[in-house]
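Just need the whole structure built from these sequences, with the hints factored in.
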Amino acid sequence: MSKTTSDNTLPAIISHAKEYGFVFPSSEIYDGLSAVYDYGPYGSQLKKNIRDYWWNSMTQLNENIVGIDAAIFMHPTTWKASGHVDSFSDPLIDNKDSKKRYRVDHLIEGHADKLVEAGDKEAADKLIASMEALLANDDFTGLKKIIEDNKIFCSVSGTGNWTEIRQFNLMFSTELGSVAEDANTIYLRPETAQGIFVNFLNVQKSARMKIPFGIAQTGKAFRNEIVARQFIFRMREFEQMEMQFFIKPGTQKEWYAHWKEERMKWHLSLGIDAAKYRFHDHIKLAHYADAAVDIEYEFPFGFKEVEGIHSRTDFDLTRHQEFSKKKLQYFDTEINQHYVPYVIETSIGLDRMFLLILANSYEEETINKEDGTTDLRVVLHLPAKIAPNKLAILPLTKKDGLPELAKELMEDCKKSFHCFYEEKDAIGKRYRRQDAIGTPFCVTIDHQTKEDGTVTIRYRDSMLQERIALNKVKELVLAHIN
RNA sequence: GCGAAAGUAGCUCAUUUGGUAGAGCACGACCUUGCCAAGGUCGGGGUGGCCGGUUCGAGCCCGGUCUUUCGCUCCA
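For the numbering used here, count along the first sequence from 1 and bump the result up by 4.
The reader is advised that the hints may include incorrect statements.
So the derived label-pair ranges between C-beta atoms look like this [unchecked claim]:
| id | residue 1 | residue 2 | range |
| --- | --- | --- | --- |
| 1 | I472 | K52 | 25 to 35 Å |
| 2 | N203 | G432 | 52 to 62 Å |
| 3 | N228 | N60 | 26 to 36 Å |
| 4 | L289 | E179 | 33 to 43 Å |
| 5 | S466 | G25 | 46 to 56 Å |
| 6 | K52 | N203 | 50 to 60 Å |
| 7 | N206 | G306 | 34 to 44 Å |
| 8 | K84 | E23 | 38 to 48 Å |
| 9 | L289 | A122 | 30 to 40 Å |
| 10 | E367 | K403 | 34 to 44 Å |
| 11 | A473 | H284 | 13 to 23 Å |
Simulated pairs of lysine-lysine, DSS-like, Cα-Cα distance not exceeding 25 Å [said to hold, decoys possible]:
| id | residue 1 | residue 2 |
| --- | --- | --- |
| 12 | K418 | K433 |
| 13 | K433 | K478 |
| 14 | K257 | K214 |
| 15 | K478 | K428 |
| 16 | K118 | K149 |
Please keep in mind that the hints were generated in silico from the structure rather than gathered at the bench. The model shown is predicted, which means the values in this text are computed figures rather than measured ones. Every residue, glycine too, gets a C-beta built ideally from N, C-alpha and C.
Here it is, written out as structure tokens:
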């Protein structure tokens, strides 16, 4: 179970993220918008770097995985086929005393069962019939009246103190075209996966893919969560990084194990402490899956899901076949047979990965100084591969030709990676500012540089310094970020 | 959605019983300096989350609302 910690790490991270331009509340001048956030200068760069690192690990390092970029708007039938429309249409009601939430139909059916037990089958049938009529018309007032008239009470609190009935539709809807008619209602996608499934044949044929192969995609998805909280962990607008891997039916066990292992390796390749991770196997499976596991990370608020690996069987492609009346089959030349492929899905939340990286990197470090006093530094131990700035170039003084030398280095390095140049303030202060945004390397150009062509390179994590040749700086940084 | 707490400068926070707002850090300019948050001078920045009420007078009291955090609940 999730361990909850009562420390204030999360508020400190939120505060730091805002102060240094990583994450801002959306529309903050209008008091913000609940559970929506914007990424600032360093945040957007860090997010892009995480996305690129994932994208390359999929599409560049695997010859049999290709990418797509599907639209957020999709044909409305997509969501009927995927099961999203039906899953979301249940009216719900809360008991104010017990705080328990019920599906209205389950609540009324439960009462009907009791009537049957009591021997009044006639009344039970009548109750169900009127409920179904009201459900079909979305008549919530009528449904509430049924609950009140029949004195249906909460099984926990035993009271009839109910809230109004509400429809919690987790999909955002809007209208396509200028006229708002029912037929034109479309949804903002609640997941990116369906964009891959509906393009299965397009991709397979155009890129001449042979099973097993994968399709990767990153993009925004939208869910109208009833409760969205914990900073950027659960947002109403969020970004997914998904890969659907198409395989021969019967081989799903092996491929599921393969991707479970591969995805954990990816996480650990960022140098994150393995003890912070764990697998959580699903016992109760979603309607489309025959096996599912979460990769969980120990956030400041406990172990939570970052990524899911699902064995989705042929559920999605089969459903799209049914609803579209188009065959979504693959001809396997090895066995000379047609079949609907099975699918192993890896799906990771980019924003969650971003928060994971921040939480894992953030440290308020106490430094024991030589004179016996202590000092506090806030440092982001970001993996060098994904840090927004790779190198800060700092002339020790702004005179004596040092800025000129520094700018030369800047011009050379900025073609290869993100650099930051600054000549303001004392050198120590500049180091600390770079620590706060996670820049892994700083080089200082000093008077000795003019004499022997060496610079001081200072490492963020150890704070150690060493002298290296000016013309080796770029090489050293490149060695750490590739 | 329920309960608790919070919201004052970019950040962290003061302003003890109601009398028209301060500090440290940060930010900008200049001077001295030069290898781990240096010193000095000057400067910019707030209709106290928002709306309303009580009062001669509200950052402070009352009501509402928005946002956030924490605990429940929910998470196809």
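Here's how the hints hold up against the structure:
1. I472 to K52: 25 to 35 Å: For K52 against I472, whose Cβ atoms are near 29 Å apart, the range 25 to 35 Å holds.
2. N203 to G432: 52 to 62 Å: Holds, since N203 and G432 (Cβ atoms, about 54 Å apart) stay within the stated range.
3. N228 to N60: 26 to 36 Å: About 33 Å separates the Cβ atoms of N228 and N60, which means 26 to 36 Å holds.
4. L289 to E179: 33 to 43 Å: Hint holds: Cβ distance 35 Å, inside 33 to 43 Å.
5. S466 to G25: 46 to 56 Å: With a Cβ separation near 26 Å, S466 and G25 fall outside 46 to 56 Å, so the hint is violated.
6. K52 to N203: 50 to 60 Å: Violated - the Cβ-Cβ distance for K52 and N203, about 24 Å, lies outside 50 to 60 Å.
7. N206 to G306: 34 to 44 Å: holds (41 Å)
8. K84 to E23: 38 to 48 Å: holds (46 Å)
9. L289 to A122: 30 to 40 Å: Once the Cβ atoms are compared, 36 Å apart, the range 30 to 40 Å for A122 and L289 holds.
10. E367 to K403: 34 to 44 Å: With Cβ atoms ~35 Å apart, the hint holds.
11. A473 to H284: 13 to 23 Å: The hint (13 to 23 Å, Cβ to Cβ) is violated, given that A473 and H284 are roughly 49 Å apart.
12. K418 to K433: With a Cα-Cα distance of about 23 Å, the restraint between K418 and K433 holds, given a limit of 25 Å.
13. K433 to K478: Holds: K433 and K478 sit about 23 Å apart, inside 25 Å.
14. K257 to K214: Judged against 25 Å, a Cα distance of about 19 Å means the pair holds.
15. K478 to K428: holds (23 Å)
16. K118 to K149: Holds, at roughly 19 Å.
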